[in-house]
Every structure is written in structure tokens, then in C-alpha cells.
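Enquirer: Protein chains in written order, with numbering that gives the first Met the number 0: chain H, 0 to 249; chain B, 0 to 254.
It is worth saying that the hints were derived from the structure and are not from the lab. Check before you lean on any hint, since a few could be wrong.
Unchecked claim - In the BS3-like style, the derived pairs of lysine-lysine whose C-alpha atoms are separated by at most 27 Å in a straight line are:
| no. | chain 1 | residue 1 | chain 2 | residue 2 |
| --- | --- | --- | --- | --- |
| 1 | B | Lys-244 | H | Lys-36 |
| 2 | H | Lys-197 | H | Lys-128 |
| 3 | B | Lys-49 | B | Lys-244 |
| 4 | B | Lys-244 | H | Lys-128 |
| 5 | B | Lys-219 | B | Lys-129 |
| 6 | B | Lys-20 | H | Lys-128 |
| 7 | H | Lys-187 | H | Lys-198 |
| 8 | B | Lys-17 | B | Lys-2 |
| 9 | H | Lys-243 | H | Lys-55 |
| 10 | B | Lys-2 | H | Lys-55 |
| 11 | B | Lys-245 | H | Lys-25 |
| 12 | H | Lys-198 | H | Lys-128 |
| 13 | B | Lys-244 | H | Lys-39 |
| 14 | H | Lys-128 | B | Lys-49 |
| 15 | B | Lys-49 | B | Lys-245 |
| 16 | B | Lys-53 | B | Lys-194 |
| 17 | H | Lys-235 | H | Lys-198 |
| 18 | B | Lys-53 | B | Lys-129 |
| 19 | H | Lys-25 | B | Lys-24 |
| 20 | B | Lys-17 | H | Lys-36 |
| 21 | H | Lys-39 | B | Lys-129 |
| 22 | H | Lys-192 | H | Lys-243 |
| 23 | H | Lys-198 | H | Lys-55 |
| 24 | H | Lys-128 | B | Lys-17 |
As the list claims (entries may be wrong) - Cβ-to-Cβ under 7 Å is the rule here; a few derived chain H residues that face chain B:
| no. | residue |
| --- | --- |
| 25 | Gly-74 |
| 26 | Ala-77 |
| 27 | Met-210 |
Keep in mind that this is a model prediction, so the values were computed, not measured. For glycine and all other residues, C-beta sits at the position ideal for the given N, C-alpha and C.
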Amino acid sequence: MNENAIVFDRVSKSYPLYHHIIGGIKRFIFNLPGAIKAIKTSRYEALNDVSFEIRKGETVGVIGRNGAGKSTTLGLIAGVMQCTSGRLTVNGRVAPLLELGAGFNHELTGRENIMLNAVLLGLNISEVKERIESIVEFSELGDFIDQPIRVYSSGMLARLGFSVAAHLNFEILLVDEVLGVGDQQFQKKCYDKIIEAKKSGMTIVFVSHSMPEIERVCGRVIWIENHTVKRIGETKEVVTAYLKAQENNG
Amino acid sequence: MSKRLRHYIDLILVLTDKEMKLRYKSSILGYLWSIGHPLALALVFFVAFKVVMKIQMDNYALFLICGLFPWQWFQNSVTVSPTLFLNNASIIKKVNFPRNIIPFVSVLQDMIHFILSILVIAGFMLAYRKAPSVAWIYGIPVLLVIQFLTAYGASLFIASINLFFRDLERLTTIFMTLLFYFTPVIYPVSMVPDKYKFYVNLNPLGPLMISWRGLFLEGKLETQTVSIAMLYAVLFCALGSFVYKKLSVRFGEIL
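Extracted from the complex, chain B is given alone in its bound form (with noise of 0.2 Å):
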């Protein structure tokens, strides 16, 4: 192995190591946090359209569960990414590493806290009496890789920009709002009215998210969907690269 990929892996383990131990230092509270912040929102939800509004599901607090949880790790990585590179200023001022690896780190981080929550999925399941498909066991790896790579590239792009134009970071607060409902996440796709449907392919989350719940409910990947949703995580780690080799020997200018 290079000298140098060696490099890059220990920056990225003893980063995330770091992150871990300062998420989990009081161990089992920092669990409960990150799983805390979707059970809310699968709570308000519910209230809301299944005890208020009666929609017409079955098993929809399930339903929910599925889709917020990676609905969750998504935002949390662009939400923080406006701040990842300003937060660090004084660190890339000075060394010259490489600064992708904080977007990486950070979304890396996430993706665990999202990983060790499927537990909290599969726990659901069973509640509702259905058993984890074992299609879980290649799908979940599939998806993780698709949710890595979109995630990562729209946090590579945000941190970059952000330095230069620092309103962003409010733009991506309403913009994550908005892509939030308008992602078949509280609402199956089959609900949405047919003349719309070709929208939900347009949103680069849509594909992603309705495979998650398909894999989590019925253990079935429609290879349609992921395909989409693999152009799109593609097509994400691009933009996100290529703003980012431009900007990037700026940045010890500008902050």
C-alpha cells in the first residue's frame, strides 16, 4: 500500500475515532440521542396523519419508522456541512492535509450512527410481527454505499461553497425542508397523484428513499429504483469533487 492511501486511512480512522468517542462518551445517552431525534419525528407524524387525519394505512407508525431513520442520517450530514471547513479554520489555515477528509469523516460518523439504528428497525418489525428479510444482508450494504456517496458529495459541495458564500448555510436549512416534503418519506409513493409521479424520480433523495422502505418492509430491491438512485449518488460525488478540486487551494485564503 502507498504511503500515501496509508495516510489517508489513518486520518480517516482516528477522525472518526474521535467523533465516535466524543458522540458516545456517555456511552448509552448518546445512543439514545440519535435514535431520539427520528422516534420524535415518527411520533409527531403519527399523531398527525394517522390519529388526526385517519389516512388509510396499515401499520404506519412501521411505516414511518423506515423511512425516517435514513431520511434522518441524510439531513443530519447536510445540515452540518456548511460549518465543516469554517469549523476547522484554523487547522487548514496552517496544515496541508487532505480536506475532503472532513465531509468524509462526518458523514462517515453518520452513516454509523445509522447503521447501529437499524436495530432499533428491526426491533419495530417485530413488534409489528414481521421478520428482517434476508435480503437485508446484501441490500442494506447496497443502499448504505448509494446514502454514502450522495450524502458525501452534497456535503463536499455545501462546505466548499459555504466558505465563499456564507448564507448558504440558511439556504440549506429551508432547502432540506422543502426536499423533505417532497420526498415520498411520511407518504408511500402509490399515494401521490399520478401526473406527479414522474417528479419523485426527479428528486435525488425519491429513488433512495423509497428503497429503503421497500427493502425494510417487503426485503425486496426494485432494481429500477436503485439504478436511479445510483446515478444520482454518482452524479452527486462528481459535482461535489469537481467544486471542490476548484475551490479548494483557496481555501487558506479565505478563512
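Excised from the complex, chain H in its bound form (with noise of 0.2 Å):
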């Protein structure tokens, strides 16, 4: 049991269609009876009855279209939401790459937001210092870290944001569909990283719609459809018969 690093036991997560009260508290009152119906019948089953297990040091993809439940998934394995029903273990501290300059500040510099990113993701202060010579080596980024990143191209933005969440070193590492931006040869950097990763014992989840890279990475994949889990299988053999469906769809 041990051995598992994350384990997912039929679980379940629906939420409220919350438009019902984001339209204000004017409608709200003014059409109270109808708004409480509203909350009470109109649920969004984001994920049903998802069972699944990934052992440590295990790098597992998850694929599935839009809107089937892969964010939701990795957000109840963030911890930024709590599922409805069923049972969720997750154990070792979860490192999640953030989408481009998610939690970052532009008008700080490179530096000031390797601080105030890697505190946000948990590390302490005295952590970050130790590491940040070699976040900023890393990130390659050179004169530019002591420049307000409002200057930065994009792909400046994704080195950074991977950079910080490369070296925080947690047990288990989210990756959602980030590493499409920066150039070639970052790019090549970064799947090394994740390598490296993979081999030092880290857990990956990675996210993504390209499945070259799912296949570079991944030893296993979860296909996700319909908001629960169609397929778990080898990498080759779920992304096989995951792209004959949709070719029968499309």
C-alpha cells in the first residue's frame, strides 16, 4: 500500500452549476425559491466513479478531449478541490507546473518571482536561497532574471515557471499542458529534466493532447472520456486505440 503514491477509489466530484449565483446576490434574493431549486438539482458531474492507482517513481499520462475531467483530476490531486464522494490518497508533498506566469508578478524581476513563486508552491525562504543559483542557471535566462518580467517573450515566462517547479523536488510533479511554449531546444531541457526526474524516483502526472510526447514520457496512461475513466493500460497501446477513436469520431 505503501508503495502508491497516489490512489484514486471511486471517486467521484460534482459541483453546483455555480452561474445560478454568480449573477448576484439582486437575482439571488429576488428569485429565491427558483435559485435554491437551481443549486440543489443542477449538478456538474465533473468526475464519476474514477478508480485508478499510480505507484511511486511511476510516470503516467493522462489523455482524454476537452472538458472530459483531466483538470479536475489534477486538481483533486492538487488539493485545490475536494472530491464528492469516494476515496483519495495522495502521499508525498505535489509540486503542480503552473500555467504561464500563473502566481507570477510582472513588474517584480525574474528573481523576485523565483521567490515568491517557490514560497507559494512551499518551499520555505531558506530553501529558495539555497536553490536559486541554480533555478536561475537553469532557466538560462541570463541578464534578463534582474529584469521585470513584464519584458519577457512567453517562452521566457514557461523557462521560468518550469525552472522553479524543476527544482522544489517534491515527490510528486503535475505537469498540465505547459510545454508547448519556449523554443526547441528549452523544450528538449525540459523533457530532460522530467527524465532526470523520472529517475531520481519522482511521481509524474502528465497532462497533455500531443501524444509524441506522451509516449516519450510516459510508462503508463489514463484515458479519461466522458468524465470517467475509459482506458488504463501501457502507454502504446492506450494511445493506439485512444486515436483510432477519435479518428471514428472525427
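Quick one: dock chain against chain with the hints and give me the complex.
Expert: Given below as C-alpha cells:
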């Protein structure tokens, strides 16, 4: 049991369709019975009865169409959402790889943002200080590191974000479709880093729409469709089945 | 110290440092900004009530300054609160950090600006040939804590609820305007007619603002007034924390 990093045991996640109340207090109060009824009855099933296990040190891909429930899965692992039913176990600290510039402040320099971001993600100030030089070096941003990041290109932002996440050394890394930016050379470096992390025993959950990327990095793949697990298995096998299904639909 | 607490403190340090850097990037100008608004307000009320309507009070300008600076702190903290979580949506959706840190730091940085602006109050006192009192040494920290808790509670409450009812932002603005004129900031409690005096204590900000001015102008802290202010602070904090606790598990879904 201890070998598992992440266990989903019949996990379901649903939530009310909040647009009924986001409309505002005014609408809510003047339409109280209707609004309460709407909240109670209209629930959105984001995940339905999902079970899988990810062992420590595994690199697992998550594939599926938009809206299938991939992001909800990652949200549950990261702990920003809680499941409605079922049991969810996560052993180890989770490092989410953030989308471009999330948690960054555009007026601050790259170096200041590293500190800000790394502490938000869970490091202490002293831990960041130990690592900051290697983060800066890895990002290859050179003199730009002391410039405010509003002058950065999107590729440079991606470098900064990835460099921070790669140096957290947490047990579980979540990668959500973020490596598409950055130039070829840096992308390669990111993959090398992911493979290095993999070798060092880190558990990696990798969400992507790019099948070649999935095939390159992942040992196993979970295919999510219609808010539930359609198939789990060896990368090759699941990816082939997925692509075939896409062709038939498309 | 537990690792969790250490991280909590580090988060506060880093985020506060960020806010300070942003505000004072252009050093002296940043400071002028934060004292400019209450000074302008003081000027407006001075012209309206002293010059035009000839209120019967000595040192009315000083009186205004001593009330408007603490008020401005509360007003700023509450006015930005609706957007605190909204503006950090991208990070709240991805990272599981204690979200109440965001309002905490927001109020904290407003408090720091206020502390810096006490220099301005002291300057005005000297200009009016009054000396800052020794009571400031213990009085200021006490009132700082009370106002911090009050503002933090209110900010946490509004920031959390506003995710679910997004028009709370407009209500907050209207409510703050009402609260300002119902709180003895630009007039003394002594001018409030006797039959309404009771209501001043029903206003959560009333006792606090009266205490600030008593402390600055006369170097006095009335135990009773301060106690009521403290009671409101604890109530606000409890209410804000309760609502935050109930709603924060849903932040990831609604953003």
C-alpha cells in the first residue's frame, strides 16, 4: 500500500452550476425559491466513479478530450478541490507546474518572482535561497533575470515557471499542458529534466494532447472520457486505441 | 517551530515584501500616494465644514487628520477585498496554499502604510503646538491589533462571499460610504444628539475611531470604548474565519 503515490478509489466529483448565483445577490434574493432549487438540482458531474492507482516513481500520462475531466483530476491531486464521494489518497508533496505566468507578478524581476513563486508552491525562504542560483542557471535567462518580467517573451516566462517547479524536489510533479511554448532547445531541456526527475524516483502525472510527448515520457496512460476512466494501460496500447477512437469520431 | 508555521510566516513575509516593493518602487512617490488621499479628504472637509459652514471647533484640521488616517486604512482594506481572491484565481486553482494569507497580507500592508503615516499626524500635532503623548507607545500597538483584526475579518468575509455573489463589490462601495458618514470621523461624538449617542456604539467602527482620536489628540485610551472595539474585532474575525472555512473548500470549483 505504501508503494502508491496516488490512489483514486471510486472517486466522484460534482458541483453545483454556480452561474445561478454568480449572477449576484440581487437576482438570488428576488428569485430565492428558484435559485435554491436550481443549486440543488443542477449539478455538474466532473468525474464519476474514477478508480486508479499510481505507484511511487511512475510517470503516468492523462489523455482525453477537452472537458473530459483531466483538469478536475489534477485539481483533486493538487488538493485545490475535494471529492464528493469515494476515497482519494496522495502520499507526498505535490508540485503543480503552473500555466504561463500564474502566480507571477509582472512588475517584479525574474529573481523576485522565483522567490515569490517557490514560496507559494511550498518551499521556505531558506530553501529557496539554497536553490536560487541553480534555478537561475537552469532557466538560462542570463541578464534578464534581474529585469521585470513584463519584458519577457512567453517562452521566457515558461522557462522561469518550469525552472522553479523543477527545483522544488517534491515527490509528485503535475505537468498540465505547459511545455508547448519555449523554443525547441529549451523544450528538450525540460524533457531531459523530466526524465532526470523520473530517474530520481519522482512521481509524475503528465497531461497532454500531444501523443508523441506522452509516448516519449510516460510508462502508463490513463484515458479519461465522459468524466470516467475509459482505459488504463501501457502507453502504446492506450494511445493507439485513443487515436483510433478519435479518427472514428472525427 | 513547526514546518507548517514556518512556511506560513515565510509566505506572509514574501507576499508583504512583494506588495511593499510594488508600492514603493518609485520610493518617495509611493509614500506620497498613500498619504495624499487622506490629506486631500481632510482639505475637502476642512473647506466644507470649517470655512463654509463654520463649525464651532478648535483645531478642526488636526481633528480631521487624526480621524481620516485610521479610517483610510480600514476603507482601503475593505474596498480591495472583493477582488482579492478573484485576482489570484490562476494560482488558487492550481496550488493548495492557505488562501486566507491573501487578505491577511492585504490588510497587513495597509497597516504598514498607516504606521508610516503616523509621522504625518505627529507632524501636524507639532504644527499645532501639541506634543505626541507617551501613551502612544502602548496605545498605538493596542489599537493597531484591534483594527487589524477588524479589517482582516471584514476582508476575509467579503473576499470569500464575493466569489459566490459577484455584485457584493458594488454593495461594499455603497456600504462603506454610508459607514463613513455614520462613524464619528469628521465630527466629534459630543456633537451627536443625546438620543442617537447609543447608536454610535452599535457601529462596529465607532468605538475604534473614537479611540484613535482620543489617543492622538489627548493621549487617552478609555477602557470601555477600547473594550467595545475589541469585542467587535473578535466578532469580525470569528465571522470572517467561519465563512472562509465553510467556503474555501469550494474556491477551486467556482473560480
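Enquirer: Each hint should be assessed against the structure and marked as holding or not.
Expert: Do the hints match the structure? See the list:
| no. | hint | verdict |
| --- | --- | --- |
| 1 | B:Lys-244 to H:Lys-36 | holds (24 Å) |
| 2 | H:Lys-197 to H:Lys-128 | holds (25 Å) |
| 3 | B:Lys-49 to B:Lys-244 | violated (47 Å) |
| 4 | B:Lys-244 to H:Lys-128 | violated (33 Å) |
| 5 | B:Lys-219 to B:Lys-129 | holds (14 Å) |
| 6 | B:Lys-20 to H:Lys-128 | holds (19 Å) |
| 7 | H:Lys-187 to H:Lys-198 | holds (16 Å) |
| 8 | B:Lys-17 to B:Lys-2 | holds (22 Å) |
| 9 | H:Lys-243 to H:Lys-55 | violated (30 Å) |
| 10 | B:Lys-2 to H:Lys-55 | holds (24 Å) |
| 11 | B:Lys-245 to H:Lys-25 | holds (22 Å) |
| 12 | H:Lys-198 to H:Lys-128 | holds (25 Å) |
| 13 | B:Lys-244 to H:Lys-39 | holds (21 Å) |
| 14 | H:Lys-128 to B:Lys-49 | violated (56 Å) |
| 15 | B:Lys-49 to B:Lys-245 | violated (48 Å) |
| 16 | B:Lys-53 to B:Lys-194 | holds (24 Å) |
| 17 | H:Lys-235 to H:Lys-198 | holds (20 Å) |
| 18 | B:Lys-53 to B:Lys-129 | holds (23 Å) |
| 19 | H:Lys-25 to B:Lys-24 | violated (40 Å) |
| 20 | B:Lys-17 to H:Lys-36 | violated (44 Å) |
| 21 | H:Lys-39 to B:Lys-129 | violated (63 Å) |
| 22 | H:Lys-192 to H:Lys-243 | violated (31 Å) |
| 23 | H:Lys-198 to H:Lys-55 | holds (12 Å) |
| 24 | H:Lys-128 to B:Lys-17 | holds (16 Å) |
| 25 | Gly-74 | holds (6 Å) |
| 26 | Ala-77 | holds (6 Å) |
| 27 | Met-210 | violated (24 Å) |
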